[in-house]
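There are 2 protein chains.
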Amino acid sequence: MPTYKAPVEDVQFLLNDVFHVERYDNLPGFADASPDVVEAILSEAAKFAEEVLAPLNRVGDLEGCTRHPDGRVSTPKGFKEAYKQLCDGGWLGLSAPAEYGGQGLPATLNTCVSEFLISANMAFAMYSGLVQGAVSAILIHGDDAQKKTFLPKMVAGEWAGTMNLTEPHCGTDLGLLRTKAAPQPDGSYKITGTKIFISGGEQDLTDNIIHLVLARIDGAPAGTKGISLFVVPKMSLKPDGTLAGPNGVSCGSIEHKMGIHGNSTCVMNYEDATGWLVGEANRGLNAMFTMMNHARLGVGLQGLALSEVAYQNAATYAKERLQGRALNGPAYPDKPADPIIVHPDIRRVLMSIRAFNEAARALVLWMALNGDVAHRSEDAKAREASDDLMGLLTPVIKGVLTDTGFANTVLAQQVFGGHGYIAEHGMEQFVRDARIAMIYEGANGIQALDLVGRKLPKDGGRAIMAFFAEVQSYMKDHASDAALKPYLDPLGKALGHLQQATMWFMQNAMKAPDNAGAGATDYMHLFGLVALGYMWCRIVEAANAKLANGANGNADRLKTKLVTGRFFVERLLPETAAHLARIEAGAKSTMELPVEAF
Amino acid sequence: MPTYKAPVEDVQFLLNDVFHVERYDNLPGFADASPDVVEAILSEAAKFAEEVLAPLNRVGDLEGCTRHPDGRVSTPKGFKEAYKQLCDGGWLGLSAPAEYGGQGLPATLNTCVSEFLISANMAFAMYSGLVQGAVSAILIHGDDAQKKTFLPKMVAGEWAGTMNLTEPHCGTDLGLLRTKAAPQPDGSYKITGTKIFISGGEQDLTDNIIHLVLARIDGAPAGTKGISLFVVPKMSLKPDGTLAGPNGVSCGSIEHKMGIHGNSTCVMNYEDATGWLVGEANRGLNAMFTMMNHARLGVGLQGLALSEVAYQNAATYAKERLQGRALNGPAYPDKPADPIIVHPDIRRVLMSIRAFNEAARALVLWMALNGDVAHRSEDAKAREASDDLMGLLTPVIKGVLTDTGFANTVLAQQVFGGHGYIAEHGMEQFVRDARIAMIYEGANGIQALDLVGRKLPKDGGRAIMAFFAEVQSYMKDHASDAALKPYLDPLGKALGHLQQATMWFMQNAMKAPDNAGAGATDYMHLFGLVALGYMWCRIVEAANAKLANGANGNADRLKTKLVTGRFFVERLLPETAAHLARIEAGAKSTMELPVEAF
Chain A
1 MPTYKAPVED VQFLLNDVFH VERYDNLPGF ADASPDVVEA ILSEAAKFAE EVLAPLNRVG
61 DLEGCTRHPD GRVSTPKGFK EAYKQLCDGG WLGLSAPAEY GGQGLPATLN TCVSEFLISA
121 NMAFAMYSGL VQGAVSAILI HGDDAQKKTF LPKMVAGEWA GTMNLTEPHC GTDLGLLRTK
181 AAPQPDGSYK ITGTKIFISG GEQDLTDNII HLVLARIDGA PAGTKGISLF VVPKMSLKPD
241 GTLAGPNGVS CGSIEHKMGI HGNSTCVMNY EDATGWLVGE ANRGLNAMFT MMNHARLGVG
301 LQGLALSEVA YQNAATYAKE RLQGRALNGP AYPDKPADPI IVHPDIRRVL MSIRAFNEAA
361 RALVLWMALN GDVAHRSEDA KAREASDDLM GLLTPVIKGV LTDTGFANTV LAQQVFGGHG
421 YIAEHGMEQF VRDARIAMIY EGANGIQALD LVGRKLPKDG GRAIMAFFAE VQSYMKDHAS
481 DAALKPYLDP LGKALGHLQQ ATMWFMQNAM KAPDNAGAGA TDYMHLFGLV ALGYMWCRIV
541 EAANAKLANG ANGNADRLKT KLVTGRFFVE RLLPETAAHL ARIEAGAKST MELPVEAF
Chain B
1 MPTYKAPVED VQFLLNDVFH VERYDNLPGF ADASPDVVEA ILSEAAKFAE EVLAPLNRVG
61 DLEGCTRHPD GRVSTPKGFK EAYKQLCDGG WLGLSAPAEY GGQGLPATLN TCVSEFLISA
121 NMAFAMYSGL VQGAVSAILI HGDDAQKKTF LPKMVAGEWA GTMNLTEPHC GTDLGLLRTK
181 AAPQPDGSYK ITGTKIFISG GEQDLTDNII HLVLARIDGA PAGTKGISLF VVPKMSLKPD
241 GTLAGPNGVS CGSIEHKMGI HGNSTCVMNY EDATGWLVGE ANRGLNAMFT MMNHARLGVG
301 LQGLALSEVA YQNAATYAKE RLQGRALNGP AYPDKPADPI IVHPDIRRVL MSIRAFNEAA
361 RALVLWMALN GDVAHRSEDA KAREASDDLM GLLTPVIKGV LTDTGFANTV LAQQVFGGHG
421 YIAEHGMEQF VRDARIAMIY EGANGIQALD LVGRKLPKDG GRAIMAFFAE VQSYMKDHAS
481 DAALKPYLDP LGKALGHLQQ ATMWFMQNAM KAPDNAGAGA TDYMHLFGLV ALGYMWCRIV
541 EAANAKLANG ANGNADRLKT KLVTGRFFVE RLLPETAAHL ARIEAGAKST MELPVEAF
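Protein chains in written order, with the numbering used here: chain A, 1 to 598; chain B, 1 to 598.
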């Protein structure tokens, strides 16, 4: 059975020493999040994740969800009780506004907690993650009545939330969607259509489920400009907000899938279900993007979270499993064999995962802090800058953290040899669970296109120029720091590759957009490596500063940062050159074959 | 439901036009394999794979194997009948010696057929692949009585074969094994111990199962030098060779695993089971390596075979699924959306897989031909050269074809978006099935170590020097071929990286072997890219020659080779630089952290 230990200290190091969270105290909610409050919250969350959720992870995989003939869906044994604990602990409302029952703490803190929950039990954490996404969307786009009706119950966890976008014939291309909304005299709409791949579409955890549904109002334009967003509760509500009876929403079937068995993936049938318009008519995609962006960062976090728990178990196994001898002679001559962690190829695997995880966590928290600035700051310029950075980095975090996170679960599984392939060790479940994160909320190829086709050129390239400027000014500010030079030099080289690739797109993709399309995924990963390399410089800088200040008993842990960061720049960062070479090869050989040759 | 179409024409092109199989006609069996015989055999095999085995693939995954309380194991519905068809068709004995009932055809032809069977149904093909491996081992190491007793039944398919190496506490490090062999007065041994991960250890396909078992004779030295190989039939034999009664072998349980559910992975308990020594006492590892090398090439082939079938299904889906529009305007304005194959990122995926598959198939067949030379040639120098090349390339084929083959199944799954994650489309099964190939028959990290630590320095580097000489003389011979230059130049650069890496090991790993260990996996992949790049040059050369000769109506197909080869050198080959950079980084940051830091 795999185990999990939440990286509480690493999160605190990032918040306090790398990102100096106290500098954000002018934002609402941050002053309440003093270091001791943060420590208490993280410790409690860790305990809940480690002791309640982690033991249910394999149960959830084995048992899966069951749809009963009447359309009800049961979640795996223990999920209901754990979900109640989650709600009772107030975890769903950690960063929700106080007026709806939340604690108003930084969303950044919620991100830290989410990593723990996902590592412990991804299928479970999806239920709560989707509620939080739906809360965001209603908060921003809903009217006062909708907020008052839905948010308190959702923040408390009594009601869940879902996103309903995909239909059988349309996933990425939402312009094709067919679900209809017929206006009613009372201002509501009758929603009719079929949605697929709806995570948590039906379950037995909550009394009600608030579905956010994309549909086309009768007579609306074809394509994406005729799509509206509706809120459709599973159970109709009486005027006082209590449950009336079933609305016309039902789960037609649940999918048999590769992983995340503990989460019900439903086909949802809407038959004249009553719903209400959220935001403006025909502007549904806009509203849904609020939820999508929240969800995309959450999905990136899933990549990291599974990479982390897979790493932990591989490291433990590598220290325990005795097999063979170190290449330069027995390390433990008294034992029948050495633990496999003495072998450089095993170390390579462990270090590769770790060097990614620690920087990925930094990147996620940096983005989360920018999210808090974008949503809470009173300074319009600061909001704009943070919003730019988030827009630019959301596809990078979603695409790179899930691609690499998945690859890392495969690497970690490999450490177990044949035992990694056997279900009872749990490593293969991490691989199966992590796989979905590369697909949903926009398959990673779409993330890459979003980055290259939309985010790069947006506002005349303002966001990418600001990113370059930030990294360059950091390098300039620390140019005389000799201890940082071995990290800064490779970062500079990698940044050069990213700039060259950006320039190449500007020169070659305007007239021939396939040149951008064919290089998009490589560009996304090149970008990710630069962003992670930048994070490593900031981590090493912080570790050095702390070491110079006496390290507070943490010297050993801080020194690991220096080594792991060096591994990153020596072993993972050189990949930027290969990405650049592929981008500069252009689209010709990619696109040249006629369709019938495939 | 996924479908499969065996690449018969591609195999014929490789045999006839790239490798000029007629030049091998001096070897036993090759003259019988005239082009029309080969065509007939490949077509029959294709039909069997496509029509009988492929439809059972998903059945096998869903149903899996069942162990009954009495220790019997049932394979999935339909496997038994299909296995009988396989045996009746003579497929098991295609390249086995005529004196044991085989057809004596080239082993190369058997390799071609095996790819088809594996693509169609990997779990099924493992049963027959293991019989063939056991036949090889007994052919080479068994005595006459053993050959006479076992081989005719095994070649006919009436009896199966297995390899029994792993024990709960020892996989890679066989020196730790504990299974005992007690000598008996009649010359037999009583075998006692527990073996795990035994593929096909028990099944209902055959009347008897011939287990090849590693065990330690009482009083033998500790470590790998005290291990002997035994043949242990599941059913004891009467003196006339017919079945007597059960021997002391039983299946204690079967594993629940990530994939290959149709193949029973057994814990095998030996309790005073009667066995006979195969080959010399204490030289069991040697004998087992015959089987292992056969099996390693077979496992490499699994990587290719799953990459191929996954590619085919992704290509079909990409041509059918309508979603979005081409970047430079609608390609099919009359349809509601374009098929996703118009998108460069989808093309990138398909081309990446295909550019690997076609060269990997060439590499496998080139090795298979060398195998036939090594086993059948009367020319001692030719045998030595082929044996050297096989020794060198076996870990490369096993490691690179399974790592990349698995990665390709993941890429192909991605083309399906959310549908790729759903079991009914079958793409996720390819991923789960392909995953094991990176692990068994020596995890890929072990292949890399075998390459770097054993195969490179062997005989003073004779094999690697011969490989370099072969590629260099090819490049020299074709230096004036302008049409080949765009392929030769990148190959030359990649070869330079490989030579530089080899030199780096010579200079840095003698005294510090961790430097070799930390770079081994990168070296293996660097080697693989060079070998595949070399194959692409030979493929393109052959395609150009055929095009110049009128192409025989195949011009379109031959031209795809030119484009796909260019994609390979532009998009996949540049990775060699990153591998070299990682190798030259050495072991320091990989090994520096203390064990307790993990």
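One or more hints might be untrue.
Same chains, same names: a pair is fine if it fits in one copy or spans any two.
Calculated lysine-lysine pairs in the DSSO-like style (CA-CA distance at most 27 Å, straight line) [as the list claims (entries may be wrong)]:
#1 K335 - K588
#2 K335 - K180
#3 K546 - K588
#4 K511 - K381
#5 K77 - K546
#6 K588 - K77
#7 K5 - K319
#8 K80 - K476
#9 K458 - K84
#10 K588 - K559
#11 K80 - K381
#12 K335 - K238
#13 K588 - K147
#14 K180 - K190
#15 K238 - K84
#16 K511 - K77
#17 K225 - K381
#18 K225 - K77
#19 K319 - K588
#20 K238 - K47
Everything labelled a hint here was simulated from the structure, so no lab data went into it.
Structure-inconsistent hints, enumerated in ascending order: Those not satisfied are hints 4, 5, 6, 8, 9, 11, 12, 13, 16, 17, 18, 20.
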